[in-house]
Amino acid sequence: MEIIRNFPCLSILLAMFSAIISSALKGAGARRLNTFVVTAVGVLSACTLYFTHVTGKSYVYVMGHFPAPLGNEIRFGTLEAGMALFFCVIMLFSLNGGREKIRLEIDPGKENLYYIMVDLLLSSLLALVYTNDLFTAYVFVEINTIAACGLIMIMESGRAIEAATRYMIMSLLGSGLFLIGLCMLYDMTGHLLMSNVQESVRQIAAEGSYMIPLLVTIALMVVGLAIKSALFPFHAWLPDAYGYSTVSSAAMLSSLVSKGYIFLLIKIIYRVIGFDIFVQSRIINVLFVFGLAGMIMGSTSAIRENDIRRMISYSSVAQIGYIYMGFGLGTTAGMVASVFHILAHAATKSLLFVSGVGLTDVADDNKQFIELTGAAYRNVCAGLAFTVGALSMVGIPLFSGFISKLLFSQAAVQSNLKMLPALIVLAISTVLNTIYFMKTVIRIYTPIKSGYPSVFAKDHPLYALTLLCFVALNIVLGMCSQPIADWITQGLSVFA
Amino acid sequence: MSRARKQSDYEKTFAFRFFRWMGGEKDAFVGNMEMRPQKEYVEEEETIQERMRDRQQAMEEVYDSGHNKELRFFNILYRCFSIVFCVAVVALLIITVSYLPSVGREDKPTNNIVSDTYISEGLTDTGAVNIVTGMILSYRAFDTFGETNVLFIATCCVMIMLMVDEDKIRENKESNDRGFEPKNDAILQVAARLLVPVVFLFGIYIILNGHLSPGGGFSGGAMIGAGMILYVAAFGFDKMEKFFNEKVYKCVKVTALICYGCIVTYYFLTGANGLPCRIPLGEPGTILSGGITLPINIFVGSEVACTMYAFYALFRRGGL
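In the order they appear, the protein sequences are chains A and B.
To get the numbering used here, take the position in the first sequence, counting from 1, and add 84.
To get the numbering used here, take the position in the second sequence, counting from 1, and add 52.
Only chain A is shown next, with the shape it has when bound in the complex:
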């Protein structure tokens, strides 16, 4: 059993090794290696999850011969291990769902470069999930940013390169703010290791010295990560980046990259600043307001959109708003709801992207709604899967979206001042969600005679299987919500 302690470190290094080896391989070899590594890392994470679940504790793993605060270390409990497992599952599904598109849209000579980006993205996500050191977190934020840019511009079309440039500028701004915040925090505390920083921050807060720099530091770090995860006023890069990249990239960007940053933010809230100090600072109200604004503005933009991919992208803005609204409530219940929504949104949004591409394929790659009329009859499994995703996003019971909305409203009720705005906006946002998702579902199920050919599941077995897995994952999240919520609560309790 003790050997399982090595698994988180090994899984990070395994992902890095696979990227290095892929650069010497051709496309097909890199693809097989990538599938193997994502699966292997998933298995390792599952073992870690089992181990930490049985012991119910959080473990520190020294990276090297020098214990902290001198050297680097990583730390893992149930929440981290479960997140890593979930990220691997979503990554595997997203890649399998878009496999045919990758083959079609990417220059065959550059296919191995795509898988290098995916491998390093996986390693950076794992490192962000497991790290216990702020500077290590920054290094892997850099890798994550560059990998995400590569995933967008691999299409080599003008729009994709423009989207990648825009993403890079915004994302680097976020990294820069995060780095400035990190430097200030180091100047005040003299440590980079999260637990030592927290000790010093508690001391600073108790003494009342350096209160202004501490507030600015929290603000800079939070804003930096909010830009990178596309919270409402900073979301301008998002629709292009998700809309014009290849479908696997879009699914991974929306469900993994932004979630990795949000998980880092949770880590900073709990492990660096301390939950109570973070709640006392007024930044939490700013997050609450922007979260609410995002929930409404994202949905209104999605309603006005006439391109299915961009509509799904704008819906992400609204869902990210939900997550930040949960942070803004400032209670543990709100945090649990947010973490659950990270899972629910990741599972649903990648499902929507992958099934959406099946619908546009039977409309000759047209993404306009008018061309999609009746598309669900021409590609039955994509239509069904899209409907499931849409119902889940709207919040119909049985699917994951319902549970996260339920958890959010339960958390909102416990809060005095924030209950009314949170509930009202939740209701409005649900109605808006319904408008644009049901509009699409009705559109694809409107029978019409068209010249486009039909596509059958037996011709694309991998694609159909992936959609089935996605739907199953969604229903599992929706039906077995209690054990998952218990796991999140337990994970958060040993997280700090």
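It is worth saying that the hints were derived from the structure and are not from the lab.
Every value quoted in this text rests on a predicted model; they were computed, and no experiment measured them.
Each residue gets a CB set at the ideal place from its N, CA and C atoms; glycine is no exception.
It cannot be assumed that every hint is accurate.
Straight line, CA to CA, 30 Å or less: simulated DSS-like cross-link-like pairs of lysine-lysine [what the hints assert, rightly or not]:
id: 1; chain 1: A; residue 1: K542; chain 2: A; residue 2: K185
id: 2; chain 1: B; residue 1: K294; chain 2: A; residue 2: K110
id: 3; chain 1: B; residue 1: K291; chain 2: A; residue 2: K194
id: 4; chain 1: B; residue 1: K302; chain 2: A; residue 2: K110
id: 5; chain 1: B; residue 1: K78; chain 2: B; residue 2: K91
id: 6; chain 1: A; residue 1: K185; chain 2: B; residue 2: K302
id: 7; chain 1: A; residue 1: K110; chain 2: B; residue 2: K91
Beyond 12 Å from chain A on every Cβ pair, some chain B residues (computed) [claimed, not checked]:
id: 8; residue: F71
id: 9; residue: E92
id: 10; residue: R131
id: 11; residue: V184
id: 12; residue: D195
id: 13; residue: F197
id: 14; residue: V202
id: 15; residue: A206
id: 16; residue: A243
id: 17; residue: P328
id: 18; residue: R369
Take the given structure of chain A and dock chain B to it, following the hints.
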């Protein structure tokens, strides 16, 4: 005036050419070097007009700039806001910095046990006389491995953008100018012939002495990369490919990164499980010392040199 040599013999010597050049009788480069005055670039009237028309059309039809009040309002607002925002952020940061602990004070929070231990125990722990290298490669080995991977992924990203298929280059050789080398430049070639070996040697010296004196894999590798860029700028890609082509590049890069990865994996696993690290620390100050610092410096150096050269080659002709 008596002469030891005949006039015709004397004319062959270096001294004769040198004094002739000093006296200004003959320029050594005339006839040996291509010298053509650069033609001034003149744009044709038609292309100018076409560009103007396109721009006009875009402004009128796409943005409808004559009547689009929203756009004009947005442009003004955008400029005002960007100025206000920049000034506000700069002011905020300056104010915050004034509240931070002042530089150089003894009780500054950063002067804590961590830096003290690095200074007092660094030599015995890592075996490296250069504390900085010892710190980044032994104490914080994971960060540095990540940082090396940042370089690796950056090269891959540039490859996605700029790499051109060999077949495509051959297909339309006429229309693309990537293959054209600059004409032989005598001054550059002479300078490169003298400088490149020195640069290479100095780079190698810095890498190998990284654990003893200031420097290390990153700086030494950058130097070797600069030497390679100088060589290829002077002598062209044909000569470069005789000893450094895509195959060699891949070999060096993959070997360096994998060896580096193996060393850190071994180091992490032994460290975390309480096993001793079998790599000897050696006698401090000698060249074969420093435990894992010396091999890691060599691998980082080769990776950085490859990265530097790859950037140059990719930007110049879209391939290695």
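Hint check:
no. : hint              : result
1   : A:K542 <-> A:K185 : holds (17 Å)
2   : B:K294 <-> A:K110 : holds (24 Å)
3   : B:K291 <-> A:K194 : holds (27 Å)
4   : B:K302 <-> A:K110 : holds (12 Å)
5   : B:K78 <-> B:K91   : holds (26 Å)
6   : A:K185 <-> B:K302 : holds (28 Å)
7   : A:K110 <-> B:K91  : violated (46 Å)
8   : F71               : holds (57 Å)
9   : E92               : holds (32 Å)
10  : R131              : holds (17 Å)
11  : V184              : holds (15 Å)
12  : D195              : violated (5 Å)
13  : F197              : violated (8 Å)
14  : V202              : violated (5 Å)
15  : A206              : violated (6 Å)
16  : A243              : holds (34 Å)
17  : P328              : violated (9 Å)
18  : R369              : holds (16 Å)
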